[in-house]
Amino acid sequence: MPELPAPTQEQAAHFDYLEGLRGYNYTVHVKGILDAYERATTADRAAPDTMDEAGVIIAPSPLYRFAAATQHLAQKMGWAAARRSLEGHTNQLADVLNRMPAEPRGRLVLDPALELPEYYTERDSEGRDDIHLVPGGYWGDPLVGPVYERGGALYRMAWRTGYTGSPPGALVAFAKGAPSDDYRRILDLGCSFGGLTMALRQAYPDAEEVVGIDISSAALRWAHLTAEERGLAIAFEQRDATATGYPDSSFDLISGFLLLHELSAEILDAVMAEAYRLLRPGGHIRFLDMPPYAALPPERAFLQSFDCEGNGEAFWDEFLSRDFKAVLRACGFVHVADGPLDYEEPNYWGTAALLRTGEFRLENRWVNQADKPAG
Amino acid sequence: MSSPPDHPPEAAAGPAARGYHAFEDPVHDRLLGVILALGAEVWNLRERLGLLESALARQGVEVSALIEELALDPERAPAMAADRDAFLARFLRAVSAD
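Chains A and B are the protein sequences, given in the same order.
Following our numbering, the residues of the first sequence are numbered contiguously, the last one being 375.
Following our numbering, the residues of the second sequence are numbered contiguously, the last one being 98.
Incorrect hints may have been included.
[To be verified] For each label pair, taking beta carbons as the anchor points, the in silico distance ranges come out as:
1. Pro297/A <-> Leu56/B: 52 to 58 Å
2. Leu31/B <-> Leu114/A: 40 to 46 Å
3. Ala77/B <-> Ala36/A: 19 to 25 Å
4. Lys176/A <-> Phe87/B: 55 to 61 Å
5. Leu56/B <-> Pro142/A: 40 to 46 Å
6. Glu53/B <-> Asp49/A: 45 to 51 Å
[Unchecked claim] Which bits of chain A does chain B cover? Going by a derived footprint, with three or more residues having C-beta under 8 Å, they are:
7. 66–73
8. 313–320
Hints listed in this document are in silico derivations from the structure and should not be mistaken for laboratory results.
All residues carry an ideal CB built from backbone N, CA and C; glycine is no exception.
Given these sequences and hints, build the entire structure.
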């Protein structure tokens, strides 16, 4: 990725503090919530069957309130701190963002006429928090790439080492886990900053083309710069995944990372129908996202639901409560399957905020995959 | 005595009432936010002081042992106690104002 301006001592101390605060919140407070829940349900000998029943036990506890508030506030503080550490360098960053490679291996295709959907841009007018609590979301701020790079690493408890400095091993493992070793054209839907797109390129170096699409031009610009710096030939194009404009049967692998839970049921249905259209017969789809509530014990499902209100994830509950495999079958996909990503990473904190306890749990990364009938 | 506000509590709560709040009264979320922000400032000061001592040591100026010595110096104790009391009075003024 393009090098970011070094933070000052004060900014670095702020990042360290926030990382430590979150770590403490997870390993002590969230762990404490689960321990208290276990004690309560063991004592009552009536463990809840549903996440709502588990929530009745967990939600009123002061420790849960404190942990939830701390997580929410730390998230806001993190984005603000990341933004503040870059604000004194806007000219330098503008140069970085506008300096396109002279001989790019891939390409960046932006569409200024693309109309961004309201669900993506109008959170604040509804009194809701912005997505992931990023002020202004991912689309309006030209600095969103650098802000995400720094703030996202902070969220992942790795601000000093970075997160996307190389495609994370889990994404490469996920990319390599597709059913075939031989794909010609690969599409990454809702690619944002290109983490999975780059992993796909590395996993399939012989593929004719790897394409990442997103509706955020700022995210695509950062993805393009990062990929070019790593020497990865990727086409990043600004397109809406519900209506991409590509011809039928254009791709033989369509993938996505942390996209599904960002979409309403209506939009998700449209994206899956479009994916079906874009796949060649016999092609594969494969998504990495959150585990559905039904795959988790009730207390963990309740803690996972925090992100919906607590982290600006408007469609989180809707998606994680849904039978996504039924959605895929309804589109015509076959061999529909899901399950945890088979990739052990003991230092992985998890993505959903209050599922983080400092202990590795395989199911925190969840794979959905299916095939288009060979015809 | 001030008159009661003529607007509903949710309006009085201001921006914290928009979006997520974990406590029933959003004011508590805001207070926690103040505490966490103060924590960040305190950590920064602690780190910076530690770095300052290390920087001085690298320049051949060993102050850490002297700081420990001064902290227990009986001659400085009255002045330090007075400073502390003044700090606490300022810090807790809002509590003791009545």
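The hints, checked one at a time:
1. Pro297/A <-> Leu56/B: 52 to 58 Å: Given a distance of about 54 Å, which is inside 52 to 58 Å, the answer is holds.
2. Leu31/B <-> Leu114/A: 40 to 46 Å: holds (43 Å)
3. Ala77/B <-> Ala36/A: 19 to 25 Å: violated (45 Å)
4. Lys176/A <-> Phe87/B: 55 to 61 Å: Check passed, 59 Å falls within 55 to 61 Å.
5. Leu56/B <-> Pro142/A: 40 to 46 Å: holds (42 Å)
6. Glu53/B <-> Asp49/A: 45 to 51 Å: violated (57 Å)
7. 66–73: holds (count 6)
8. 313–320: The restraint on the segment 313–320 of chain A is violated, since only 0 of its residues have a Cβ under 8 Å from chain B and three are required.
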